[in-house]
Every structure is written in C-alpha cells, then in structure tokens.
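Peer 1: Line by line, the protein sequences give chains E and C.
Going letter by letter, the first sequence gives residues 1 to 436 in this note's numbering.
Going letter by letter, the second sequence gives residues 1 to 256 in this note's numbering.
Pair ranges (Cβ atoms, derived):
no.: 1; chain 1: C; residue 1: SER147; chain 2: E; residue 2: ASN357; range: 38 to 44 Å
no.: 2; chain 1: C; residue 1: GLN3; chain 2: E; residue 2: ASN429; range: 35 to 41 Å
no.: 3; chain 1: E; residue 1: LEU362; chain 2: C; residue 2: LYS122; range: 51 to 57 Å
no.: 4; chain 1: E; residue 1: ARG32; chain 2: C; residue 2: GLU89; range: 55 to 61 Å
no.: 5; chain 1: E; residue 1: VAL342; chain 2: C; residue 2: SER238; range: 55 to 61 Å
no.: 6; chain 1: E; residue 1: ASN429; chain 2: C; residue 2: GLU134; range: 29 to 35 Å
no.: 7; chain 1: E; residue 1: LYS415; chain 2: C; residue 2: LYS230; range: 57 to 63 Å
no.: 8; chain 1: C; residue 1: GLU134; chain 2: E; residue 2: GLY208; range: 53 to 59 Å
no.: 9; chain 1: E; residue 1: ASN357; chain 2: C; residue 2: LEU121; range: 44 to 50 Å
no.: 10; chain 1: E; residue 1: LYS359; chain 2: C; residue 2: ALA135; range: 44 to 50 Å
no.: 11; chain 1: E; residue 1: ALA94; chain 2: C; residue 2: ASP71; range: 41 to 47 Å
no.: 12; chain 1: C; residue 1: GLY240; chain 2: E; residue 2: LEU362; range: 57 to 63 Å
no.: 13; chain 1: E; residue 1: GLU353; chain 2: C; residue 2: ASP12; range: 24 to 30 Å
no.: 14; chain 1: C; residue 1: LYS139; chain 2: E; residue 2: VAL342; range: 24 to 30 Å
Source of the hints: derived by calculation from the structure; they are not laboratory data.
Glycine included, each C-beta is placed from N, C-alpha and C at the ideal position.
For reference, the chains in residue letters:
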Amino acid sequence: MSFRRRPRESDVPAIADRADVYLERFNDALARSADEPGWLLERRKRAMERFLQLGIPSLKHEEYKYTDLSALADGRLLFATPPGGADALPSYAAGGASNLATGTGPQVLGRVPHGARVQSLAEALRAEPDLVQRHLGTIAAYDDHALCAVNTAFFSDATVITAERGAVLDEPIQLVFGDGPQGSLPRVLIVAGRNSSVQVVETYAGSGAYWRNAVTEIHAEENARVDHYRAQVESLDAYHTGRLQASQQRDSYVSSFSISFGATVARNDIGTRLNGSGCECSLDGLYAVRGDQLVDHHTSIDHAMPHCNSHQLYKGVLDDRAKGVFNGKIFVRPDAQKTDAVQSNKNLLLSDESEVNTKPQLEIDANDVRCTHGATIGQLDSEAAFYLQSRGIGADRARNLLTYAFAADALERIKVAPLREHFESLLLNRFASQES
Amino acid sequence: MLQIRNLHVSIDGQKILRGIDLDVQPGTVHAVMGPNGSGKSTLASVLAGRDGYEIEEGSVTYNGQDLLDMDPEIRAREGVFLAFQYPVEVPGVTTMYFMREAVNAVRKHRGEEELSAGEFLKLARQKIDPLGMEADMLKRAINEGFSGGEKKRSEIFQMAMLEPKLAVLDETDSGLDIDALKIVADGVNSLRSADRSFVVITHYQRLLNYIVPDYVHVLSDGRIELSGDKNLALELESRGYGWINDDVVPQAAAGV
Chain E
1 MSFRRRPRES DVPAIADRAD VYLERFNDAL ARSADEPGWL LERRKRAMER FLQLGIPSLK
61 HEEYKYTDLS ALADGRLLFA TPPGGADALP SYAAGGASNL ATGTGPQVLG RVPHGARVQS
121 LAEALRAEPD LVQRHLGTIA AYDDHALCAV NTAFFSDATV ITAERGAVLD EPIQLVFGDG
181 PQGSLPRVLI VAGRNSSVQV VETYAGSGAY WRNAVTEIHA EENARVDHYR AQVESLDAYH
241 TGRLQASQQR DSYVSSFSIS FGATVARNDI GTRLNGSGCE CSLDGLYAVR GDQLVDHHTS
301 IDHAMPHCNS HQLYKGVLDD RAKGVFNGKI FVRPDAQKTD AVQSNKNLLL SDESEVNTKP
361 QLEIDANDVR CTHGATIGQL DSEAAFYLQS RGIGADRARN LLTYAFAADA LERIKVAPLR
421 EHFESLLLNR FASQES
Chain C
1 MLQIRNLHVS IDGQKILRGI DLDVQPGTVH AVMGPNGSGK STLASVLAGR DGYEIEEGSV
61 TYNGQDLLDM DPEIRAREGV FLAFQYPVEV PGVTTMYFMR EAVNAVRKHR GEEELSAGEF
121 LKLARQKIDP LGMEADMLKR AINEGFSGGE KKRSEIFQMA MLEPKLAVLD ETDSGLDIDA
181 LKIVADGVNS LRSADRSFVV ITHYQRLLNY IVPDYVHVLS DGRIELSGDK NLALELESRG
241 YGWINDDVVP QAAAGV
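Hey, can you work out the whole structure from these sequences and the hints?
Peer 2: Take a look at the structure:
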C-alpha cells in the first residue's frame, strides 16, 4: 500500500471545526511573508489548501494507525506554546558556534569551509534564488502529507545549506533547534553539488508541552555525498514530527541517522528517491523510549533506477509502557533492475508492557533484484545478564551493558564521534545504578 | 571456607539435589564427579546464584556468610567464581570492556583502587599470555565467534583476572582436545594457593590427571554417594558409575 490518504470528510471530523486557528494564523503568516517571491507564496497557499483537505491524520489513517496525533488538531500546541528552553545538547561540531547563525533560524555550530554556505531563507533567496526555487518545497511533497503541508504553509525561516561542486565539508555542521516561537517549524534545505560532501547534524531539545514539526529536504547531485543526523531529545511532554526527504542523482550517496530519545509522541517520516543509477542510501536509526512515550518511524525508499543499493537498520529499546512503530516501504520500479535493498528493524523490550508494531512494505515491479527485510522483537538475555553478574558486575550495570550491546551495531553507523559517544553514554547510563 | 549442609534444590518442582553436604577448606581442590543428570551443574549454578532454582532446605555458608542470601554480583565480588559449562556470547561488548568493569567492581568492593586503562591492559596481557591466546582476543566481543576451546580458555583468563577465593569449574574440560585441556589445567594449577579453593566438576577422570584433586566426590541422584581421594576417580574411570548405588562403601570423609 502506498501513501494513500483517505480524503473522505468523515475521517477527519475534527479538523473542519478546529481549522479556524490554522486559517487565522495562515493569514497572519501570509502577511509576514509578503515580500517572499510569488512561487513560494503559491506553494504555501497550495500547502494550506491541502492541509485543510487532509487535516491532522487520525488513527483511522492507515499510515497513522498506532500514532495518535489528535492533540495537534486544534493547533494550540503549535501556535500557543512554543518550545521552552532546555539544556542544550553538546556541540558535536568542531569550532564551536559559527557566526553564520542567521535570521530567525537555528543556532549554527561548526566551521563552514570554502565552497559551502549556510544561509537563512532571505539570504539564500538573494544569493541563489533559482536553486531555492528548484528545491524548496519540491523534494518533500506536501500534497499527500498533512504534517509537511503544515510546515510548508507556516515555516517562517529556512536554513539553506549548499555545497558547491567538489566542495568537501569534512566536519559536520550542526543546527541547534531549541526554544522560541521560531523553533516550532524548522525547515532545512541541503543542496550538495556534484562531487561534494556534506555532513549535517540537527539537534532538537526543548522543555514543556509543544509541537515541533520539522521538514528537511536534501538534494544530492551526481556523485555527491550527504550524511545527515538528527538527534531528537525533545521534552517528554512534546510532540515531535519530522520529515526528511532526499532526492538523489546518479552515483550519489545519502545517509540518514535518526536518534529518537525524547518527546511523548515522535513521528519520523524518512525517505529518499533514487533518481539515477549507481545511487546508494543508508537510512538508520536508534530509538530508546520509556514511560508512555511513542516513537514511530516510517521510511520510504524509492528505487526508480537500476544498480542502486539501499540499507536500513533501525533499532529500538523500549521500557515501561512505551510503544514503537516501524513501517518500512521499499518501492522497486520497473526500471530498477539490479536493486539491492536490505531492511532490518530490531527491538529490545525491557518490560512486559512495552510493545512494537513493525511492518515491512515492499512493492517490487522489477524481476532482477535482491530485497531482504527482517524484524525482531526480543528481550534481554537473562543468561547473558547472569554471566555479567557472575563476574561482579551489578544487575543495573549488566542491563545497561546489554542494552548498549544491543544497540552497538546501529551506533557504529554514526560517524560523527562526539555524537556517537554522547548517545553511547546515554544508553550506558540508562538505568540508574544503586551502587555507584 | 565453604560449608554446604543438607542442601535440597528443585527446578520447576522437580527435585535435583537431595541433601548435599560438602566442606571445602582453604587451599584444597575438590573434584565432583557423577553421571549425567546427577545434579553436578545444578550445584555449580546454585553456588554462583543463577535464577530459577528453588532452595527447599539446607544452607550454604561461605566465609561465615550466608551465600544463598547474596546476589550473584556480590558473590563474585566476595571471591566466588564460576567457570561456565557453556560460556555466553555477548555481541557488542568487548572482552576488554567487560573484564575491566568486572575487575574494577571487585577491586572497589575490596577497597582497592580501580585500575586505569593502561594498568588493566598490562595485567590482562600478563594473564592472557600463558593461556596461548592473543591479546587481540580482548578486542573481540565476549565469546562471540570463539571456538569451544577459546571459550573455555577465556573462562580461565577471566578467573585469573578476578583472582577468586573459591573457583567452581563446571565441566570446563568437556569438549577440549588434549592440548587445550593441558592449557586449561596449567591455568588452574598456576592459581592454586593456600588460600584459594577449587570445586572442579567433571564428567571425565581425564582432567584430574592434570588438576590433581585433594578430594573426589561422586554425585548420584542429587546426593554425594561417595567421597575419597584421587584414587576414587581412577576407580570410577575403570568401573564406570554403575556400581555406586548398588555397592555403597561409606568412606571415611577424610577431612572433607
């Protein structure tokens, strides 16, 4: 099944009478955006139109059947309660704060070498208007994606990261999305020119109850490489919805790593379209949730052309009454012969009440391909825990070590060492030790 | 050091041990032999604190303390070591990380300074070398992809690192070829000392040619049916276990 929505009015009864807030705010937003180019205003209007038709997806929507977003319907969490300040995540970028922080966007950390730019929307529209017009709002389609439509209609600023042909950013640029009224609707566009290489880390943290609805678009030109990381440690009262959509030209490589530890409900839609032959992508993730948290990853890899490889490894650690959702779509189009697609979702349940719903969804229309998928749901190996304890390691520490061990192969895919080490240590210290 | 008194243990309602009595003095090596299903491994597991065993009756006293009341990690820190019959593979955690955590947990418990990474590595190299293993083993995940012999040698390495007071070896010889067996036995013998005791559980007499025990006990149907010196093991080797229940010769439990 593809991204088919159910447009019947009866499925979205809430939105019709609650959309007033969105409509009202949209008029304000349009007034603020008056000096934007016409094409952008048209995209915003179209997005709003689609959102009003789609509404916030209900549990009856096949793509949201486990993920209750009804609290978002009246717009209050988006417009009335911006994210509060939180302890910032550490800097994973070399060189500390950059003075490239611009406009009303995120704080930018890291050194930006020659050949690359980090700009606000206004700056990018002045410097590279054609490039922005070509890609902003065209990679992450909003016609059938209500949350993306909301972002597209309302985002007030965007961060545009561009790498010229051949530019190599061998250290990551970090975008810090924290508090403030602009923090609710992060929008990022990454355009990697031919033979360029870019690493971007997005971090999300806040306090209080709010809804953060982020969209990142990536365009990778021929033979470009983009490594994208998102580290989400939102407030445990927050809703986090994030969309990452990439578009890849031939021989390009895109990796995404989604770390999801925070938020009461986190929904991540991560996808890429392989538009040329020889592309490769690696979509990976690690989620660790407890209490009543829910984390939902929906991935989509569209193999449009031959000789492309895709890898997916999502690992989850769930405790207490936490819920995990994984849905992995792989489309192999008729032209995409010699596709090699591997998908794996593995979950560790630390409690009896935690649960996971995992579902691979493969649509294969080519005949000479290799597509494999696997999902596991397991518990801590009590024999392994006893083994560690029998050597003097405390019970909590043993649980931590085994949890860490479960996640180790996913963590290894994080190539930004400080980022990897930070989350390694979060996992290793997950269960408070009574002894030390 | 260790006194087991009238120990009755069951698993899921099924009686396995039916009144074990055993005294282990410091510096002695006790071999516990017996046919399959006699309760040997249950005894080892109960001493180390594995879950799932019901203690129905009896007591185990270790250096004056109630051993059965201690969590497994406390037993280990107090000096009890179990070499597993089937060492567990733990992908994702290196032997180095594991052993450093373990050694430091034990040292902390004893009021000693924790070892730095450098000090640990130096000690580990010292201990690993005589076992015919490469220090590279430390970088591998715990037991992952190890051969049977490597796993057993890794157990002996861990024992050497933790320097226990009471080491229980649960069929450490099973499945080893003669060279590996000698290495394991040498590892044990090099640790023998006046204040360290061993309970060597084995199905085969062969191991006892290399680890010469002070006492040999024969476990049968959950009880120690016979105790003697190393010659008992030889007799078992030639006559098998069949005669024990028919023809019990109550031996003087010479200092046992």
